[in-house]
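Asks: Chain B: place on chain A using the hints.
Sequence order for the protein chains is A and B.
This note's numbering applies: residue 1 is where the first sequence begins, and numbers increase by one.
This note's numbering applies: residue 1 is where the second sequence begins, and numbers increase by one.
What the hints contain is simulated information worked out from the structure, not anything from laboratory work.
A hint or two may mislead.
[Unchecked claim] What follows is a list of derived Cβ distance ranges for each label pair:
#	chain 1	residue 1	chain 2	residue 2	range
1	B	Tyr305	A	Trp281	35 to 41 Å
2	A	Gly284	B	Pro381	46 to 52 Å
3	B	Trp420	A	Trp281	53 to 59 Å
4	A	Glu158	B	Ala176	34 to 40 Å
5	A	Leu55	B	Ser60	45 to 51 Å
6	A	Arg113	B	Phe294	37 to 43 Å
7	B	Tyr58	A	Ser3	42 to 48 Å
8	A	Asn198	B	Trp420	27 to 33 Å
9	A	Thr192	B	Ser480	16 to 22 Å
10	B	Tyr305	A	Ser3	20 to 26 Å
11	B	Ile453	A	Leu55	32 to 38 Å
12	B	Phe5	A	Ser26	53 to 59 Å
[Said to hold, decoys possible] Restricting the straight-line Cα-Cα distance to at most 25 Å, the calculated cross-link-like pairs of lysine-lysine (DSS-like) are:
#	chain 1	residue 1	chain 2	residue 2
13	B	Lys411	A	Lys161
14	A	Lys155	B	Lys438
15	B	Lys378	A	Lys161
16	B	Lys451	A	Lys204
17	B	Lys159	A	Lys161
18	A	Lys161	B	Lys438
19	A	Lys162	B	Lys333
20	A	Lys109	B	Lys378
21	A	Lys362	A	Lys106
22	B	Lys159	B	Lys378
23	B	Lys378	A	Lys162
24	A	Lys106	A	Lys162
25	A	Lys208	B	Lys411
26	A	Lys155	B	Lys159
27	B	Lys450	B	Lys366
28	B	Lys411	B	Lys307
29	A	Lys300	A	Lys155
30	A	Lys106	B	Lys411
31	B	Lys378	B	Lys458
32	B	Lys204	A	Lys109
33	B	Lys456	A	Lys204
34	B	Lys411	A	Lys107
35	A	Lys109	B	Lys451
36	B	Lys438	B	Lys450
37	A	Lys155	B	Lys458
38	A	Lys109	B	Lys366
39	A	Lys155	B	Lys378
40	A	Lys162	B	Lys438
Quick reminder that beta carbons are idealized off the backbone N, C-alpha and C, glycines included.
Next come the chains, spelled out residue by residue.
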Amino acid sequence: MISIENYILLTIISPLLVCILTPFLSNNIFLRDTIGPVGGVFSSWGAIEITRSVLNGEQPTIEIFEIAEGLTISFNISPLGAIFGIVASFLWVFAAIYSVGYMRGKKEKNQTRFFAFYAAAIHAALCIAYSGNLLTLFIFYEILTFSTYPLITHKQDEVAKKSGRIYMTILVGSSILFLLPAIIWVWVTTGTLEMSQNGILSGKLDPKYAPYLLMMFVFGIGKAALIPLHSWLPAAMVAPTPVSALLHAVAVVKAGVFTMLIILTNVFGIQYLADTGSSKWLIGLACITLISTSIIAIYKDDLKARLAYSTISQLSYITLGGALASSYAAQGAALHIVTHAAGKITLFFVAGAIYVGANISKISELNGQGKSMPFIFLAFFIASLSIIGVPPMGGSWSKLFLMMGAVESDYLFVIIVLCISTIMNVYYLMEIPARAFFTKKIKNIDVKIPNLMIIPTMITCLFTIILFFYIEPFKNLTLLMVGK
Amino acid sequence: MIDIFINNLPILIVTVPLMMSLFVVLVTNSYLSFLLTLATTFITFLIAILLYQEVQSYSSISYALGNWLPPLGIEYIIDHVSIIPIIIISGIGFLATLFAYKIMPSELSDSSISKTYGLWLLAISGLIGLVTTGDAFNLFVFLEISSLASVALVAMGAKQDRQALIAAYNYLIIGAVGATFYVIGVGLIYAITGTLNLADITSKLALMEDNRALIAGFGFMVVGIMVKAAVFPLHIWLPRAYAYAPSAVSILLAATATKASLYILARILFSVFLPSENIVSFTLTYIILPLSVFAMFGGTIMAIYEKDIKRLLAHSSIAQIGYITLAFSIGTKSSVAAGFIHMSNHALIKGGLFMAITSISYYIQKRVTIENLSGLGKAMPITFCCFIICSLSLAGLPLTAGFISKLYLIKSAISSEGLWLSFMILFSSALSLIYLWKMIETLWLSPLNKKDIKIKEKPVIYSSLLLITFLNIYFGLDASLIVNSSFNASNLLLGINK
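Here chain A stands alone, though its shape is the one from the complex (with noise of 0.2 Å):
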């Protein structure tokens, strides 16, 4: 019988191992190669366990260490938590096997130095998963940023040193300028950093500061995407699509999302907003990055660009759950954690595959190519209809969950709003699929796509037929992070 602790310990620390063993396997590529998904079977069943004891209503503690009085490292698994932990491992399984597909099908260099830092950067975002307190999240928050550099300049050119700059500036410069000193507000005027279920800050913050106090943290988490600190998604998409695919649709954004989640609800807490007001000017900001990035992304030829911008979209959702300050509006978001995560990595790994089977990066070029590569733009469609939000697709309990949060707090206008960027969502999206299809091909390409790289795109995409019939468990967990 293993404790709880000790799986929190497996879940965090097997990615830590693969990133610390694979320099020393660079001689065995097999072995090298193989770890990486066998640390995810281990960091997923410590998840799962980790789980299943979050849902019977347990809080699984652990202390790390003190860095000096008041400041620990420790990791306190709260539902959101939980659910975010469980994504990220889960997917990392397959992200894993993907990216040795598309490593050896695109023959890139420094393939060791990509896995390690690869595995590095899920340890963080686990790690930030499972963060107990404010300090714990910050520290791994930048450690994730740190650890993705790498890997967004894998290619050593100018292109990607340009990207690799934006991408620090607004995540580092952001984070410094306005988290950093927002935690550190928080721990003046309460004296802790431990997060709690109903808030910390009501009683102990004026109102009039709340405003002010939550738009340092939401310009301070940049990792969220929101306008105008979006721009290094896009630009970060120089990156192998691996990357793209597990880190800037799963673990970085995600860890992105998470954090304003669990600022909202663990530091101000939903009552607290809700009674405030103060993050009424949140919705207009998320409603307008969601509305303008959606447009964007219309117009975008590139395919890794207009899911990168789809993406942002999308993850104004997360955000717009939270800001509404219902319990309705946070599950929404929750759930929207788990159904994009599935829906997102699908897409990308398509993408990839094209690119690396048919070396199409374009979507112009797409026309006709249905019929070499079926599997993979049925899956993208599939992918595509949960996005949008239609049943029997995961995709549609989150949305659900968002309106229904838009009527109990009052907002009207976003689910018009909500409406708007469904019908975009179907036009951007579908596109793709239906150029592939329905239109007559104008080159003929050999198609070679690996099949490390197929199995896993067609497993991540019925995920998001599963997560339809099997929310459950999903939904369970954010009853329990809003308390019901």
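Replies: For chain B alone, kept in the frame of chain A given last:
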């Protein structure tokens, strides 16, 4: 026997390096002089640790020189406050000596090495004397000993680059002006109080109204020390001196020299002139605080536009000194503690960065500029990793020592001055990432020069670099030692009631 040794520790820590410096100069063999210096700095460091333990149990040790009791005789004081710079100076002194083993011969002629080591020990002894003494005039003496030794050390760089002579001359003139200001101030204070013992001055001032002689004396003393501490805009001697001194000397000076003066500044402001609260708080709020903010931004912006790495680091030192004086200027217990925390951490950070740059220049056998760094990350992975870690520590990123100082600095700024000051601090540290990142990016992403492919890193060079980098991480993970001693220091300095 042991008792005599233990009782005389406060004087031994000053006299051991002082005496040895005279002896080392006479040794002609450069290897032997290195060994002697290493042994001396090691013993000094051991004495410092013993003193640290003494301080933990007795809180304050007063040592009457030659058994002439204070206030008449000269008094040496080791307490929670002065032990911090003592540990920094002796510790970094030892590490820098260890590092200098291969570096010194590569930059200096064989005959001048033993002289350099002599001056090196003299500088260390002067700096330690500066922080231990409790006598205003004796302090001046040590100020001069340390300055003159440092000036001569800087001038040793002339073999590499003649600019070192100009740098040393600048340092000499400006340093002498600072020392003169200080001694004029001491004269005025002596005229009105009739004593030179710092603690005695405080008790005499308590009986006195604020008067012009006092204000003038205070002003002269503070300005004089600010010159030595390189507080903006009195810093102009520093960039050149650090840039053209022999590399090993740059490490020693960058990590220790200004720290001692900063400690004296804190001592003068918070303990010696404690009774004249109005003057002190005016100085803090209207002079030191704005100057610190200027230093933070001025130093950082100068560093961004600098191409020569040693100068770049020197400019960044000015900004970092700005953080420390800023912490003092807020004037609360937690902020002064933050100042002391940053004082220790900055010594580790700058020591590490200068060591990394020195190793790079040793390997490529050129002065290090941004262009020269191109692609070297691949050729020297260990040095590169250490450089990255120290850089991140300088920028104040988590899990490094620099993060701890920034955390406490901002916390104290928010709780007493509100948000604007903490934004200033964070904005300038975000700016510092620009120059750091420029270097890291060049090391990592630019193409490697063909000549540099053959470079092999040597354990002799990187062992002390690894050690100091390790300390940067260690004190980022377990900061309780530095944090607790700094809070002890500020509690003692500011008294219980403030």
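Asks: If a hint holds in the structure, say so; if it does not, say that too.
Replies: Structure-based check of all given hints:
{"no.": "1", "hint": "Tyr305(B) - Trp281(A): 35 to 41 Å", "verdict": "38 Å, holds"}
{"no.": "2", "hint": "Gly284(A) - Pro381(B): 46 to 52 Å", "verdict": "49 Å, holds"}
{"no.": "3", "hint": "Trp420(B) - Trp281(A): 53 to 59 Å", "verdict": "22 Å, violated"}
{"no.": "4", "hint": "Glu158(A) - Ala176(B): 34 to 40 Å", "verdict": "50 Å, violated"}
{"no.": "5", "hint": "Leu55(A) - Ser60(B): 45 to 51 Å", "verdict": "58 Å, violated"}
{"no.": "6", "hint": "Arg113(A) - Phe294(B): 37 to 43 Å", "verdict": "42 Å, holds"}
{"no.": "7", "hint": "Tyr58(B) - Ser3(A): 42 to 48 Å", "verdict": "46 Å, holds"}
{"no.": "8", "hint": "Asn198(A) - Trp420(B): 27 to 33 Å", "verdict": "31 Å, holds"}
{"no.": "9", "hint": "Thr192(A) - Ser480(B): 16 to 22 Å", "verdict": "18 Å, holds"}
{"no.": "10", "hint": "Tyr305(B) - Ser3(A): 20 to 26 Å", "verdict": "56 Å, violated"}
{"no.": "11", "hint": "Ile453(B) - Leu55(A): 32 to 38 Å", "verdict": "57 Å, violated"}
{"no.": "12", "hint": "Phe5(B) - Ser26(A): 53 to 59 Å", "verdict": "54 Å, holds"}
{"no.": "13", "hint": "Lys411(B) - Lys161(A)", "verdict": "35 Å, violated"}
{"no.": "14", "hint": "Lys155(A) - Lys438(B)", "verdict": "18 Å, holds"}
{"no.": "15", "hint": "Lys378(B) - Lys161(A)", "verdict": "16 Å, holds"}
{"no.": "16", "hint": "Lys451(B) - Lys204(A)", "verdict": "62 Å, violated"}
{"no.": "17", "hint": "Lys159(B) - Lys161(A)", "verdict": "39 Å, violated"}
{"no.": "18", "hint": "Lys161(A) - Lys438(B)", "verdict": "11 Å, holds"}
{"no.": "19", "hint": "Lys162(A) - Lys333(B)", "verdict": "44 Å, violated"}
{"no.": "20", "hint": "Lys109(A) - Lys378(B)", "verdict": "14 Å, holds"}
{"no.": "21", "hint": "Lys362(A) - Lys106(A)", "verdict": "17 Å, holds"}
{"no.": "22", "hint": "Lys159(B) - Lys378(B)", "verdict": "31 Å, violated"}
{"no.": "23", "hint": "Lys378(B) - Lys162(A)", "verdict": "20 Å, holds"}
{"no.": "24", "hint": "Lys106(A) - Lys162(A)", "verdict": "22 Å, holds"}
{"no.": "25", "hint": "Lys208(A) - Lys411(B)", "verdict": "21 Å, holds"}
{"no.": "26", "hint": "Lys155(A) - Lys159(B)", "verdict": "43 Å, violated"}
{"no.": "27", "hint": "Lys450(B) - Lys366(B)", "verdict": "15 Å, holds"}
{"no.": "28", "hint": "Lys411(B) - Lys307(B)", "verdict": "34 Å, violated"}
{"no.": "29", "hint": "Lys300(A) - Lys155(A)", "verdict": "23 Å, holds"}
{"no.": "30", "hint": "Lys106(A) - Lys411(B)", "verdict": "49 Å, violated"}
{"no.": "31", "hint": "Lys378(B) - Lys458(B)", "verdict": "15 Å, holds"}
{"no.": "32", "hint": "Lys204(B) - Lys109(A)", "verdict": "74 Å, violated"}
{"no.": "33", "hint": "Lys456(B) - Lys204(A)", "verdict": "58 Å, violated"}
{"no.": "34", "hint": "Lys411(B) - Lys107(A)", "verdict": "49 Å, violated"}
{"no.": "35", "hint": "Lys109(A) - Lys451(B)", "verdict": "23 Å, holds"}
{"no.": "36", "hint": "Lys438(B) - Lys450(B)", "verdict": "21 Å, holds"}
{"no.": "37", "hint": "Lys155(A) - Lys458(B)", "verdict": "30 Å, violated"}
{"no.": "38", "hint": "Lys109(A) - Lys366(B)", "verdict": "31 Å, violated"}
{"no.": "39", "hint": "Lys155(A) - Lys378(B)", "verdict": "15 Å, holds"}
{"no.": "40", "hint": "Lys162(A) - Lys438(B)", "verdict": "12 Å, holds"}
Hints 3, 4, 5, 10, 11, 13, 16, 17, 19, 22, 26, 28, 30, 32, 33, 34, 37, 38 from the earlier list are contradicted by this structure; the remaining hints agree with it.
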